[in-house]
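*Asks:* The primary structure of each chain is shown beneath.
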Amino acid sequence: MISFHHVSKTFYHDSTIEALDDVSFSMNKGDFYFILGPSGAGKTTLMRILYRDLKPTRGQVIIDGKNIGKMKEKEIPNLRRRVGVVFQDFKLLNDRSVFENVAISLLVQGEDKYEINRRVMRALDQVELTDKRDMNPRQLSGGEAQRVSMARALVKEPEILVADEPTGNLDPDLADNIMDQFDAINRRGTTLLVATHDYRTVQRYDFPCIVLKDGRLIEGPTRDPDHLRPFVGVYGEED
Amino acid sequence: MSTWRYLLRFAVRNLTVNRLMNVVAVGTTALALFIVAGVVLVHQNVARTLEGLLEQTPVILYLEDEADREEVSDLQSRLLARDDVTDVEYRSKEEAWEAFRRSLRLEGDLLEGLEGNPLPASLHVNLDPAALEHVENIAAEFQEWSGVESVDYGREIIEHLRGFSNVIQVALGGTGVIISIVAIFIIFNTIRLSVISCSTEIDILKLVGATRWFIGFPFVVSGIAYGFFGSILGQGLLWILYWLVQSRVAEVGFMQLQLFFLSPLWIFLIICLGSLLGVIGSATAVRRAIGRM
Ligand SMILES: Nc1ncnc2c1ncn2[C@@H]1O[C@H](COP(=O)(O)OP(=O)(O)OP(=O)(O)O)[C@@H](O)[C@H]1O
Ligand SMILES: [Mg+2]
Chain A
553 MISFHHVSKT FYHDSTIEAL DDVSFSMNKG DFYFILGPSG AGKTTLMRIL
603 YRDLKPTRGQ VIIDGKNIGK MKEKEIPNLR RRVGVVFQDF KLLNDRSVFE
653 NVAISLLVQG EDKYEINRRV MRALDQVELT DKRDMNPRQL SGGEAQRVSM
703 ARALVKEPEI LVADEPTGNL DPDLADNIMD QFDAINRRGT TLLVATHDYR
753 TVQRYDFPCI VLKDGRLIEG PTRDPDHLRP FVGVYGEED
Chain B
83 MSTWRYLLRF AVRNLTVNRL MNVVAVGTTA LALFIVAGVV LVHQNVARTL
133 EGLLEQTPVI LYLEDEADRE EVSDLQSRLL ARDDVTDVEY RSKEEAWEAF
183 RRSLRLEGDL LEGLEGNPLP ASLHVNLDPA ALEHVENIAA EFQEWSGVES
233 VDYGREIIEH LRGFSNVIQV ALGGTGVIIS IVAIFIIFNT IRLSVISCST
283 EIDILKLVGA TRWFIGFPFV VSGIAYGFFG SILGQGLLWI LYWLVQSRVA
333 EVGFMQLQLF FLSPLWIFLI ICLGSLLGVI GSATAVRRAI GRM
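For the record, the sequence lines run as chains A and B.
So in my numbering, the last spot in the first sequence is 791, and the numbers never skip.
So in my numbering, the last spot in the second sequence is 375, and the numbers never skip.
Everything labelled a hint here was simulated from the structure, so no lab data went into it.
Don't take each hint at face value.
[Claimed, not checked] Some chain B residues well away from chain A (every beta-carbon gap over 12 Å; in silico):
#, residue
1, VAL105
2, ARG160
3, GLU171
4, HIS206
5, ASN208
6, ASP210
7, GLU226
8, GLU231
9, ASP234
10, HIS242
11, PHE342
[To be verified] The list that follows gives simulated cross-link-like pairs (lysine to any residue, SDA-like), each with its CA atoms no further than 20 Å apart:
#, chain 1, residue 1, chain 2, residue 2
12, A, LYS607, B, ILE372
13, A, LYS624, B, ARG294
14, A, LYS622, A, ARG610
15, A, LYS684, A, ASP647
16, A, LYS665, B, TRP86
17, B, LYS175, B, LEU186
18, A, LYS626, B, ARG374
19, A, LYS607, B, ILE286
20, A, LYS624, A, THR609
21, A, LYS643, B, THR282
22, A, LYS643, B, ILE278
23, A, LYS618, B, MET375
24, B, LYS175, B, SER232
25, A, LYS643, B, TYR88
26, A, LYS665, A, ARG633
27, A, LYS607, B, ARG374
28, A, LYS618, A, LEU631
29, B, LYS175, B, VAL230
30, A, LYS643, B, PHE92
31, A, LYS643, A, GLN661
32, A, LYS643, B, CYS280
33, A, LYS643, B, MET375
34, A, LYS626, B, PHE299
35, A, LYS665, B, TYR88
36, A, LYS665, B, ARG91
37, A, LYS643, B, THR293
38, A, LYS643, B, ILE284
39, A, LYS618, A, THR742
40, A, LYS624, B, PHE296
We treat Cβ as the ideally placed atom computed from N, Cα and C, and that holds for glycine.
Extracted from the complex, chain A is given alone in its bound form (with noise of 0.2 Å):
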């Protein structure tokens, strides 16, 4: 369903640097894969490709076989309501309530009002928020905010859902809790790619794993999470 052919992508400034650098793999539909690597080793690169915020300098990455990257502008937005995303940063608004800011992604879809309620108000209760549905992005914690994004994400039902760093900024608990919610997300049929340099949520699960380091793919995918641990240095997160 999502595969990445010989994908690059050179950002130019002062010097020229290589985000991603030939990575190849493939996914099916409903599989649900890490994405690790220490900072800056291109993680947030490859999903921004993926939702085509960014355009491969190189290779192709082909969905359910439409090349995404040749796509044309006006098909961008039906790309990005397949694809949930829950970014690294959260991009929250915060002059609007949590409601709000979960609704935008149905609005932009033309839903109606009822339908909105009823899926936001899902959306929320799936991630435990349902209590603050009236505050501002402003009054919550980095954990709520974070759930808040990945609510956001849901409430579309995506075809994917890609979620950046999506447990950097939570406790081991409420982590964990976030994992449990993406791994009940996949078993209702959703593709998830999670990009995380946290080895200790990779090592809970038996999802297959991406390594990336300086832009290359070096490992995996793979199940084998002993295998991984020679890597682990290179992250240096392991507790």
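Assemble the complex: chain A is given as a structure, and chain B with the ligands must be docked to it using the hints.
*Replies:* Chain B with the ligands only, in chain A's frame:
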């Protein structure tokens, strides 16, 4: 919350964020449309007044001195038989002379030295108002008739009418277009700034799958609002000015000058024009400022 409510609230928020910019945008549009509407108003009033004068001006057929009674009555019945002629009045040489003397307010002795009566007899023809458009052709036709020496009609009035129309059209074209371009530019800039000030929300909208149309819509609504309110304000100001002038004219009571304000159709057209300026300004701004998806 529904999609339309969200979009309209977005538009309203744009209109309440930067008050000064809004005032400038509406003010410039109002000025532009004040001028355009003012030019239309003056043009229509002058045109209508001149047409009124033309209606009161008969076509005069000056008759050859040799024309005899029979020929004259023949001409008279030919004229009356026409659809475009409402009535015909004969004026003899003597009557013409009397009228001339009266118009100069002269006593008998001053013209005593003149031998005979140099003024011709004439037929004063009133045309149907609908035929006034073709008064030149009609006059030319009369000119060909035997017994007719020359034909006079309100040529000067017609020339004034035309000359005035042309001048006004140039003025309308010029001022209207220039000020409208300025208004479009100001609306463009105002909307551009409000798009920029909403960039966080726009980025999020893009990432959750909003179309360009969806993102641009609230801004185009704001732009239309500028044009709409600007055109109403501009015409409101014009109406106040019109009212002041009209009451002054009534006071002085000069001629039977009958002024009138723009017709509802024109008011509506100018509101449409204002809204169009808003659409052009805002749509261009949105296209530029939203950037790539
Ligand atoms: N827009 C950009 N312009 C220039 N360089 C960029 C840009 N985005 C990312 N990079 C560079 O590309 C490399 C990969 O960045 P990326 O954000 O994908 O890393 P990451 O794996 O997500 O890191 P982290 O774990 O810290 O979030 C980094 O060296 C970064 O500086
Ligand atoms: Mg990142």
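*Asks:* Does each hint hold? Answer for all of them.
*Replies:* Going down the list of hints, with the structure as the test:
For B:VAL105, the non-interface assignment is confirmed: its Cβ lies about 23 Å from the closest Cβ of chain A, beyond the 12 Å cut-off. Chain A leaves B:ARG160 outside its interface by the beta-carbon criterion, the shortest separation being 73 Å against a cut-off of 12 Å. Under the 12 Å C-beta cut-off, the non-interface status given to B:GLU171 relative to chain A holds; the minimum distance is some 74 Å. For B:HIS206, the requirement that its beta carbon stay farther than 12 Å from each beta carbon of chain A is met, with the minimum near 73 Å.
No Cβ of chain A comes within 12 Å of the Cβ of B:ASN208; the nearest lies about 66 Å off, and the non-interface call holds. Every C-beta of chain A lies more than 12 Å from that of B:ASP210, the closest at about 60 Å, which supports listing it as non-interface. With a least beta-carbon separation of about 70 Å from chain A, B:GLU226 lies farther than 12 Å from that chain, consistent with its non-interface assignment. Against chain A, the non-interface label of B:GLU231 holds: every CB pair exceeds 12 Å, the least being about 77 Å.
Non-interface status of B:ASP234 relative to chain A is upheld: no Cβ of that chain comes within 12 Å, the nearest being about 70 Å off. At roughly 57 Å, the least C-beta separation between B:HIS242 and chain A is larger than 12 Å, which holds for a residue marked as non-interface. Once the 12 Å rule is applied to beta carbons, B:PHE342 is consistent with being away from chain A; the minimum gap is 48 Å. For the hint pairing A:LYS607 with B:ILE372, the CA-to-CA distance comes to about 18 Å; that is within 20 Å, so the pair holds.
Note on A:LYS624 and B:ARG294: the hinted pairing holds, with a Cα-Cα distance of about 13 Å set against a maximum of 20 Å. Restraint check for A:LYS622 and A:ARG610: the C-alpha separation of about 11 Å stays at or below 20 Å, so the hint holds. With a CA separation close to 15 Å, the supplied pair A:LYS684 and A:ASP647 stays within the 20 Å bound. Proposed proximity of A:LYS665 and B:TRP86 is supported: the alpha carbons are some 10 Å apart, at most 20 Å.
Distance restraint check for B:LYS175 and B:LEU186: the Cα-Cα separation of roughly 17 Å lies within the 20 Å cut-off, and the hinted pair is therefore satisfied. Distance check on the hinted pair: A:LYS626 and B:ARG374 sit about 11 Å apart at the alpha-carbon level, within 20 Å; holds. Restraint check for A:LYS607 and B:ILE286: satisfied, since their Cα atoms lie roughly 18 Å apart, inside the 20 Å limit. Straight-line distance between C-alpha atoms of A:LYS624 and A:THR609 comes to about 16 Å, which keeps the hinted pair within the 20 Å bound.
Restraint check for A:LYS643 and B:THR282: satisfied, since their Cα atoms lie roughly 8 Å apart, inside the 20 Å limit. Between A:LYS643 and B:ILE278, the direct Cα distance comes to roughly 17 Å. Compliance with the 20 Å bound is thereby established for this hinted pair. Proximity of A:LYS618 to B:MET375 is assessed by CA-CA distance (about 18 Å); at most 20 Å being required, the pair is judged to hold. Of the pairs offered as hints, the one joining B:LYS175 and B:SER232 holds, with about 15 Å between alpha carbons and a cut-off of 20 Å not exceeded.
For a cut-off of 20 Å, the pair hint linking A:LYS643 to B:TYR88 stands: about 19 Å separates their Cα positions. A threshold of 20 Å between alpha carbons decides the hint, and for A:LYS665 with A:ARG633 the separation of about 18 Å falls inside it, so the pair holds. Of the supplied pair hints, the one linking A:LYS607 and B:ARG374 holds, its CA atoms being roughly 12 Å apart against a limit of 20 Å. At roughly 10 Å between alpha-carbon atoms, A:LYS618 and A:LEU631 fall within 20 Å of each other, so this suggested pair holds.
The suggested pairing of B:LYS175 with B:VAL230 holds, with an alpha-carbon distance near 14 Å, which does not exceed 20 Å. For the suggested pair A:LYS643 and B:PHE92, the alpha carbons sit about 18 Å apart, so the restraint of at most 20 Å is met. At most 20 Å may separate the alpha-carbon atoms for a hinted pair to count; A:LYS643 and A:GLN661 meet this at roughly 19 Å. For a cut-off of 20 Å, the pair hint linking A:LYS643 to B:CYS280 stands: about 13 Å separates their Cα positions.
Restraint check for A:LYS643 and B:MET375: the C-alpha separation of about 16 Å stays at or below 20 Å, so the hint holds. For the suggested pair A:LYS626 and B:PHE299, the alpha carbons sit about 16 Å apart, so the restraint of at most 20 Å is met. A distance of roughly 11 Å separates the Cα atoms of A:LYS665 and B:TYR88; the hinted pair therefore holds under the 20 Å criterion. Proximity of A:LYS665 to B:ARG91 is assessed by CA-CA distance (about 15 Å); at most 20 Å being required, the pair is judged to hold.
Proximity of A:LYS643 to B:THR293 is assessed by CA-CA distance (about 18 Å); at most 20 Å being required, the pair is judged to hold. At roughly 11 Å between alpha-carbon atoms, A:LYS643 and B:ILE284 fall within 20 Å of each other, so this suggested pair holds. The suggested pairing of A:LYS618 with A:THR742 holds, with an alpha-carbon distance near 19 Å, which does not exceed 20 Å. The suggested pairing of A:LYS624 with B:PHE296 holds, with an alpha-carbon distance near 17 Å, which does not exceed 20 Å.
Violated hints for the displayed structure: none, as all numbered hints are satisfied.
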